[in-house]
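S.K.: So the chains spell out like this:
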Amino acid sequence: MHNPLDSFSYHINWKSRGHHPGQHKSGQRGMGMEFAGHSNLLDYPDPRRIDIRQTIRDPLEQVHVRIFNQRSATPVIIMTDLSSSMGYGLKKTKFEVSSEIAEIITNSVTAKSDALGFIGFNDKINSEWLAPLSYKPYRTKLLVEKLKKYKSKNSSHAGLMKISDMLAKDRTLIFLISDFHMPIGDIEEALTSLVKHQVVPIVLWNKSEFDNLPKFGLLNIEDAETGKESTLFLREKITKKIKADFKARKKLLKDTFLKYNFPPFFVEDDFKSLEMTNYFNEYFYA
Amino acid sequence: MNFVYPLVLILLPLSLIPFFINQTSKNIYSWSEMLHIDIVSRIVSLFFKIVSTIIIFLIILTLSEPYADQKIILKKGKGAQIGLVLDRSASMDDPFAGGDNNESVGETKSAAASRLIVDFFDSRTDDMVGVITFSNSAMFILPLTHSKEAIKAAVNATAGNALFQTNIGAGLTSSAELFTSIENSGSRAVILLSDGAGRIDAKTQQKIKEWFDKYQIGLYWIVLRQPGGISIFEEDVPLHQDYQLPPQVELYEFFKTFKSPFQAYEAEDPKSLEQAIKDINLKERKPIIYEEKVPGEKYAPMLLLTSLILSLMLLFLKFIEVKSLK
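The listed protein sequences correspond, in order, to chains A and B.
Once you know that position 231 of the first sequence is 231 in the numbering used here, the rest is easy, because the numbers rise by one and skip nothing.
Once you know that position 209 of the second sequence is 209 in the numbering used here, the rest is easy, because the numbers rise by one and skip nothing.
Just so you know, nobody snuck in bad clues.
The following residues of chain A were derived to be distant from chain B, with all beta-carbon distances above 12 angstroms:
(1) Lys15
(2) Pro21
(3) Gly37
(4) Tyr44
(5) Leu60
(6) Glu96
(7) Ala168
(8) Lys169
(9) His197
(10) Gln198
(11) Lys272
(12) Glu275
(13) Tyr285
Covered, in the sense of this in silico footprint (three residues per stretch, anywhere, with C-beta under 8 angstroms from a C-beta of chain B), are these stretches of chain A:
(14) 81-94
(15) 208-218
Here are the simulated lysine-lysine pairs, PhoX-like style, with alpha carbons at most 20 angstroms apart:
(16) Lys241(A) with Lys207(A)
(17) Lys26(B) with Lys92(A)
(18) Lys26(B) with Lys228(A)
(19) Lys146(A) with Lys136(A)
(20) Lys323(B) with Lys228(A)
(21) Lys91(A) with Lys26(B)
(22) Lys318(B) with Lys215(A)
(23) Lys323(B) with Lys207(A)
(24) Lys26(B) with Lys151(A)
(25) Lys293(B) with Lys71(B)
(26) Lys215(A) with Lys26(B)
By construction, these hints were calculated from the structure, which means they are not laboratory data.
Heads up, the beta-carbon is just placed ideally off N, CA and C, and yes, glycines get one too.
Isolated chain B (complex conformation) (with noise of 0.2 angstroms):
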């Protein structure tokens, strides 16, 4: 039992003042020893003083508004634990390559995608999400969570201005760190959103491998593929001028060399985009154990009915009292 307002217990004390203050409307009586006070009257009078006493300790533990503590309820249910790690770059601002031309303007890839990912979470019903997104460094937005609401306004908060770099791993390092301290359900997953891509240096990429792979967690990459872009799945690609492959090649062919399960889509539109969340959405189907915390009951509106109850009755005894003799 926790208490909003401790400091009001201070004055519990006086919910025994009934027993110490004179009664209001009272009788003067001449001489009561000729007055035969049978053990129901006196029954009734302390009935009295306790009923009141009672309601000026309900009152003031009211005002101190008592609530439980929070409680954590095991539940069980379908799906993942998901860290969700979105590309927050500028260039997510741009329209879908592909797309219906018919349309002057099309969606933007950042909208698209968070209008597709708030629909995936809404399909799925016991799914953890965390969200992390990343322009030139991670942001950490949200811890594993169960509240649908959060993971909206965490997705939502993504379509919005951004920089104009791609710190894939930064991203990538930051979405392991949301499995840390976390049991796990047996089926963990980041889904990792991003247009084109970044290099990852040497060290980092080994750990990006070895946390995904100690906290046994899938990766799903899709790649918002710009318009004319090169495509992670093209064989033969042409080498850049500093023999080096392009970055989403070389990204890809790292992935690959994960243990942990890895599947890359590629979306050209919205459409593709929503096909490759579907498919993610049929694969991550397992069965979760997870905590969910109930906040901790009020006890100040039951206290406050009580004490209603209880004045009420003392109210209908207040109705037969005799006023005055005749």
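The following block holds chain A by itself, in its conformation from the complex (with noise of 0.2 angstroms):
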């Protein structure tokens, strides 16, 4: 079941660099708590930091500071797929699956308070689609509510190997939510414009897809998004084979993520957000 309201908690393991005060690690100098040295008072005029005791330790008889890091916000962007195999799905679509997930991120987002932004993508990037960064997401909102009712036809996925132009200079973290029914290359392509943000990429597969496939009779299958149509004599043998091939292409797309260092998050039924929240303490040691 979906709460509206659930979230999850999530850090990043590296330092932000926005000024905006927030919960994350940051290298920025301010009312923090973690100590980042001394300084002078002229050079650093806070009369409130004045260390005594390296004070009176200094031969040279200056008066110091001490200097601390603040916590920062850190800029957070959801990438959703908008290409036609993500309208896959018998009981709910994937696309409304990405916007529950979606929303679930904005919530856990906001909690904490970081910049949030959205980019939707297919064949290209839709600046209809797009939703700038911003501390009170309220544009973001609107297009997960739009992605629920989402349709999408004969549109592929070709956006994503253009999406790092759409972003900011300072490392992000995206949560890249896709089925990611693309050849390896294009996912490689993707990556590696990416390398320099923190990328999560939420797996989104359908059970339905290779699990529970009837024994046997014909299946008519059209792609969804070339439109290719073939038949399919189901026999106990090609459905263990389809299984076994869903098997080989997990542990290959896990493969090729970890490469670039992004665990993937594999969504098969639901979102759980406490898995989520395991996920993050579990790659994102500080």
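Two chains, two frames, some hints: make the complex.
M.R.: This is how it looks when you write it as structure tokens:
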């Protein structure tokens, strides 16, 4: 069951460069708890932070001030795949599921008072599906709501390769929601362009794609993106093969993402926020 | 191969439709590259398209109603090629001269004749019969044929109202014409059934004689004698006032000069007519080779059945089709 108020806890394992106060480690000097070093009162004229012990110890009798790093906000971007294959789904389309996930991410990000943006991509990146980074992410919420009812036909994922152009220079936490039904080469190209950011690939698969296939029968299928038709004569041998293929695909995706140090998060039935929290605790040690 | 409606064949290219239009029942799948389409699946899918193509093709063919050419079969049998020359003059509607006196109204001559002739052909199997009737002129009814129904219908049709004249010459020349365009089976005969006779002029006599000779046609003459009429077999017939023999006798004398076989019968009542016909029946029994036209076979039912069977096959495959993914 999807709870619209659900959220998870996340953190980053690098120092944010943001000025805006937030809850992540930062390189910015300010009103934080993290001790960064000492400075001269003349250089850093903050009499509240005068370090008396250090001042007494100095033979040159200079007045020393303690410097701390503040905690800053970090930019977070939600990227969702708008290609036609995401229209697949029996009870819920993958668009609906990704909208739900995006909603939970939005909750979590606002709770941490980070800046949030949204980019939807299919063949290209349409400004209609673009929400700039903001601490008050109204547009993002609007697009997430719009995603729920989105329908798409004959569009693919080519925009993913150009998505890094849309990002700021600062290291960004990216939630990339897609089924990743695309050639590995394309994924690698996209990840290479995103390598200076931190990507959390959320792999949306539907169990019905490979798990509950009928044991016997004829299956007419049409590819959601290319519209190519084919007939499949299902037998035990074939269903086993499809299952095995998806298992191999999962492994391949995992290996590919780990090569870029972007551990993937697989979603097959429901998105569980606790698992997402665990994901950050597991991979993003501070 | 012929077609009743060849224009329908214009639709034949439509049978390729399954290769162009999309399937109607299908499941959208996210990424078909993940599905392993094996050779069996490919064959099944191709089989689907080919079978549907064949079904549409057969249905269009069925609509055009193809049929085979008619065939001509040579058959062997016993019988003869018989030309039936029937008198249709009004006097044929009179009762017989003899007949049963007990019966108040006897059978008319034409009715008895057609009844007995129909019986005659019923008892024979392989005759080819042509029918000519004549009164004031010859009427061509039926070419030489094997069809019993046609023969019966033609004979039955002769019993009816008619004119008063008896133009035997025209009837005989027409009957000779029946044989001109048909191969001689070895046994050819003309049965001339008349009451009384008419005179035939010398020119026509010559022609008849020549043709009967040329086409080797035997002649059986059945005379239905009128009450109190002169018998053709009578000797010393009294001459007419104008010193002529009575027409029957003159005709009899003329027929006797034929080179081809000739036999005359005189019938006074249905029984003697029957006797005469039985006699002919016995004489004309020679092997005969004849051609029979067999109408061309209709292919439409067969084509329809084939397409039905193929459709049932597709229906079966439809039953094992997966309606939707779970």
